[in-house]
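Participant: Letter by letter, the chains look like this.
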Amino acid sequence: MKHICYFLIAIFMANLSIAQTKEVCKTCPISSLKDGIKRAKDFDTIIIKKGTYKEHDIVVDKPLTIIGKDYPIIDGELKGEIITIIADNVTVDGLFIINVGTSYTEDYAAIRVRKSKNFIIQNLVLEKLFFGIYIEKSRDGKVFHNKIIGDAVEEYNSGNGIQLWYSKNVEIEHNFVQHVRDGIYLEFSDDCLIKNNVSTLNVRYGLHFMFSNDDTYQDNTFEKNGAGVAVMFSKRIKMYNNIFKKNWGTASYGMLLKEINDAEITGNTFEDNTIGINIEGSNRINYKHNTFTNNGWAIKVKGACYTNKFTENNFLYNSFDIAYNSNVNDNEFDKNYWSNYTGYDLDKNGIGDIPYRPVKLFSYIVNRTPETIILLRSMFIDIIDFSEKVSPVFTPDDLLDNNPKIKKLTW
Amino acid sequence: MLKILKYSFYDLMRSRWSYVYLAFYLLLGIVLLFLNNDLSKAVITLMNVIIILVPLIGTIFGVMYYYNSKEFTELLLAQPLKRSSIFLGQYLGVALSLSMSLILGLGIPFIFYGLFKSNAIWDFSLLLITGTFLTLIFTALAFNIALSNENKIKGFGYAILLWLLLAVVYDGLFLMTLIMFEDYPLDKLSLVGTMLNPIDLSRTLILLKLDISALLGYTGAVFKQFFGTNFGIIISFITLTAWVLLPVLRIIYKSKKKDF
Numbered sequence: 002m003k004h005i006c007y008f009l010i011a012i013f014m015a016n017l018s019i020a021q022t023k024e025v026c027k028t029c030p031i032s033s034l035k036d037g038i039k040r041a042k043d044f045d046t047i048i049i050k051k052g053t054y055k056e057h058d059i060v061v062d063k064p065l066t067i068i069g070k071d072y073p074i075i076d077g078e079l080k081g082e083i084i085t086i087i088a089d090n091v092t093v094d095g096l097f098i099i100n101v102g103t104s105y106t107e108d109y110a111a112i113r114v115r116k117s118k119n120f121i122i123q124n125l126v127l128e129k130l131f132f133g134i135y136i137e138k139s140r141d142g143k144v145f146h147n148k149i150i151g152d153a154v155e156e157y158n159s160g161n162g163i164q165l166w167y168s169k170n171v172e173i174e175h176n177f178v179q180h181v182r183d184g185i186y187l188e189f190s191d192d193c194l195i196k197n198n199v200s201t202l203n204v205r206y207g208l209h210f211m212f213s214n215d216d217t218y219q220d221n222t223f224e225k226n227g228a229g230v231a232v233m234f235s236k237r238i239k240m241y242n243n244i245f246k247k248n249w250g251t252a253s254y255g256m257l258l259k260e261i262n263d264a265e266i267t268g269n270t271f272e273d274n275t276i277g278i279n280i281e282g283s284n285r286i287n288y289k290h291n292t293f294t295n296n297g298w299a300i301k302v303k304g305a306c307y308t309n310k311f312t313e314n315n316f317l318y319n320s321f322d323i324a325y326n327s328n329v330n331d332n333e334f335d336k337n338y339w340s341n342y343t344g345y346d347l348d349k350n351g352i353g354d355i356p357y358r359p360v361k362l363f364s365y366i367v368n369r370t371p372e373t374i375i376l377l378r379s380m381f382i383d384i385i386d387f388s389e390k391v392s393p394v395f396t397p398d399d400l401l402d403n404n405p406k407i408k409k410l411t412w
Numbered sequence: 041m042l043k044i045l046k047y048s049f050y051d052l053m054r055s056r057w058s059y060v061y062l063a064f065y066l067l068l069g070i071v072l073l074f075l076n077n078d079l080s081k082a083v084i085t086l087m088n089v090i091i092i093l094v095p096l097i098g099t100i101f102g103v104m105y106y107y108n109s110k111e112f113t114e115l116l117l118a119q120p121l122k123r124s125s126i127f128l129g130q131y132l133g134v135a136l137s138l139s140m141s142l143i144l145g146l147g148i149p150f151i152f153y154g155l156f157k158s159n160a161i162w163d164f165s166l167l168l169i170t171g172t173f174l175t176l177i178f179t180a181l182a183f184n185i186a187l188s189n190e191n192k193i194k195g196f197g198y199a200i201l202l203w204l205l206l207a208v209v210y211d212g213l214f215l216m217t218l219i220m221f222e223d224y225p226l227d228k229l230s231l232v233g234t235m236l237n238p239i240d241l242s243r244t245l246i247l248l249k250l251d252i253s254a255l256l257g258y259t260g261a262v263f264k265q266f267f268g269t270n271f272g273i274i275i276s277f278i279t280l281t282a283w284v285l286l287p288v289l290r291i292i293y294k295s296k297k298k299d300f
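Protein chains in written order, with this note's numbering: chain Y, 2 to 412; chain E, 41 to 300.
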């Protein structure tokens with residue numbers, strides 16, 4: 002009997018503590034999100050009805066699920082940060098957050114996740130923001146299907162769309178980021194997955210990696226960003242099937258690799274960029290099945306890049322395929338298709354009989370004296386390029402593709 | 041002068057070479073548009089051709105025409121006509137007929153292809169304008185060479201040499217200078233170097249109009265700042281006009297003093 006009694010009490014307690022739903026609306030007893038959070042218990046769900054809520058500095062300090070119905074507007078009135086999550090297991094879904102305050106001393110964000118685990122941030126729309134979603138020292142979370150539209154003009158007074166700082170194992174998927182400083186920025190963040198995002202028209206980078214290892218990014222589109230995508234000081238990054246497009250300007254590139262080691266770059270498309278990939282001090286990278294179309298430079302190699310392998314890529318109609326600034330080469334080019342290849346294939350095995358030299362003399366000269374670029378497309382340049390092709394003197398003479406493909410590769 | 045211009049012009053219009061020249065450009069335009077369906081790409085390829093071929097044909101044709109019509113010129117000289125109008129008429133006859141072949145030959149295929157609906161029209165007009173300028177310049181230079189040399193072989197030799205000098209050798213020397221002085225700021229030098237050679241100037245003008253100009257990086261930015269402004273455009277057209285006027289003035293001067 003005593004046992005049953007305990008059992009009943011236990012069930013009763015459980016019923017009490019079971020998640021409840023609280024509604025927030027303008028005419029309800031709870032009319033603000035702050036109040037809702039204060040009254041909610043752990044694991045409750047707060048549903049916010051349609052309306053405009055002028056609130057900022059909302060601190061979510063217990064595990065809650067906050068769901069917006071028909072996109073209620075949370076207006077920060079440019080006063081500072083809007084939502085700060087400091088508890089584990091928080092879900093935020095379906096809010097329209099606008100007017101984040103701008104500060105030159107603090108990084109105000111529309112949503113900040115601080116030292117928490119298992120968070121889910123999804124279906125948000127952020128506008129007029131400084132920083133968008135800022136995740137610091139958190140892990141095992143998901144940032145899914147958000148739309149971030151900023152109005153950044155200058156680098157110094159704008160923030161990033163999605164920023165990760167010292168975070169681990171976060172999935173960033175299906176987000177749409179536009180007009181901020183860096184679309185997605187990762188610093189000291191490992192084991193993250195960045196997938197199916199679209200990051201365009203940002204002031205600086207579409208995606209920016211710093212000191213972040215073992216991350217994967219795939220199927221993303223980066224278009225018309227100020228400087229393209231920068232991946233720096235990171236190890237074992239995997240980049241699959243991304244599209245880098247129209248990063249066209251005097252200091253733009255599709256992707257900048259700086260001090261990147263042991264990465265995999267597969268199946269990406271680089272189209273209409275001033276520089277497709279700009280590589281500096283990056284080693285042991287495999288480039289496979291990428292397509293470089295209509296870029297100024299498909300690949301620009303600057304110093305200290307060793308044991309990189311370029312296999313089975315398409316190089317189509319780039320002004321320069323490869324530029325090198327030294328005549329030492331330790332990188333391998335094999336089985337690529339080069340649209341500038343003029344060789345022949347007598348034995349019809351699909352592989353050109355004479356090797357292709359991807360580095361033109363002119364690209365070497367331009368690297369040395371950048372002003373000479375104004376002679377681009379002059380007849381003299383064509384003549385010296387031809388003579389260099391016949392007998393290389395200045396360009397690395399072992400920089401060859403010994404098996405250039407005759408037909409464009411398809412996978 | 042106008043009468044002589046008219047006679048030279050009609051004479052050239054009837055000649056086989058004008059038709060060959062016209063047909064060549066027609067064919068080039070059609071083939072280019074057929075091979076790549078992109079108008080602005082076709083403009084780039086055309087630029088490469090125009091920069092090299094127009095000066096070459098202008099020089100050779102000018103020298104050839106002068107030597108061929110020498111007897112007719114001598115006949116005209118016996119008439120009470122001003123010397124300058126005889127030679128200027130002949131020069132303009134050649135230059136205009138060549139320019140017309142160029143404009144018609146390239147214009148017709150592009151118009152049929154839908155140039156007016158495309159936004160490449162300004163690039164294309166710039167291409168034709170610089171092409172015409174190059175024709176005027178190099179025909180004038182050719183007449184100068186022919187006037188100064190009685191010997192046909194020598195005349196042709198100098199004409200080809202002149203073309204080589206401006207189209208190829210100049211760029212080589214320019215490149216060497218740039219490399220030699222790479223430790224110094226080269227923006228001004230490269231600007232001046234480009235301005236001095238009509239072929240380089242035309243090439244740069246067209247390149248900067250196309251979106252390939254982003255490739256030019258920092259140097260391109262300097263150039264764009266210069267050529268992008270009205271001041272730059274005016275300066276470059278003044279330079280091109282000077283390149284036409286100076287040889288023409290020399291034709292007048294030379295023709296007055298020359299014994300026939």
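Note that these hints are calculated values from the structure, not bench results. Computed from a prediction, not measured in an experiment: that's the story for all the values here. One or more of the hints may lead you astray.
Unchecked claim - Okay, derived cross-link-like pairs now, SDA-like style, lysine to any residue, Cα gap no bigger than 20 Å in a straight line:
| id | chain 1 | residue 1 | chain 2 | residue 2 |
| --- | --- | --- | --- | --- |
| 1 | E | K264 | Y | R378 |
| 2 | Y | K408 | E | N76 |
| 3 | Y | K409 | E | N76 |
| 4 | Y | K225 | E | A261 |
| 5 | Y | K225 | Y | D192 |
| 6 | Y | K50 | Y | Y72 |
| 7 | Y | K247 | E | N159 |
| 8 | E | K81 | Y | Q21 |
| 9 | Y | K50 | Y | A88 |
| 10 | E | K264 | Y | G227 |
| 11 | E | K81 | Y | L317 |
| 12 | E | K264 | Y | S104 |
| 13 | Y | K169 | Y | M233 |
| 14 | E | K228 | E | N159 |
| 15 | E | K46 | E | L93 |
| 16 | E | K81 | Y | S340 |
| 17 | Y | K336 | Y | D383 |
| 18 | Y | K50 | Y | E107 |
| 19 | E | K81 | Y | E272 |
| 20 | E | K81 | Y | T294 |
| 21 | Y | K247 | E | L248 |
| 22 | E | K81 | E | L93 |
| 23 | Y | K39 | Y | E107 |
| 24 | E | K81 | E | L166 |
| 25 | Y | K310 | Y | E333 |
| 26 | Y | K55 | Y | D43 |
| 27 | Y | K23 | Y | E78 |
| 28 | Y | K303 | E | F271 |
Participant: Which numbered hints are broken by the structure, listed smallest first?
Facilitator: 5, 8, 9, 12, 14, 15, 17, 18, 23, 26, 27 and 28
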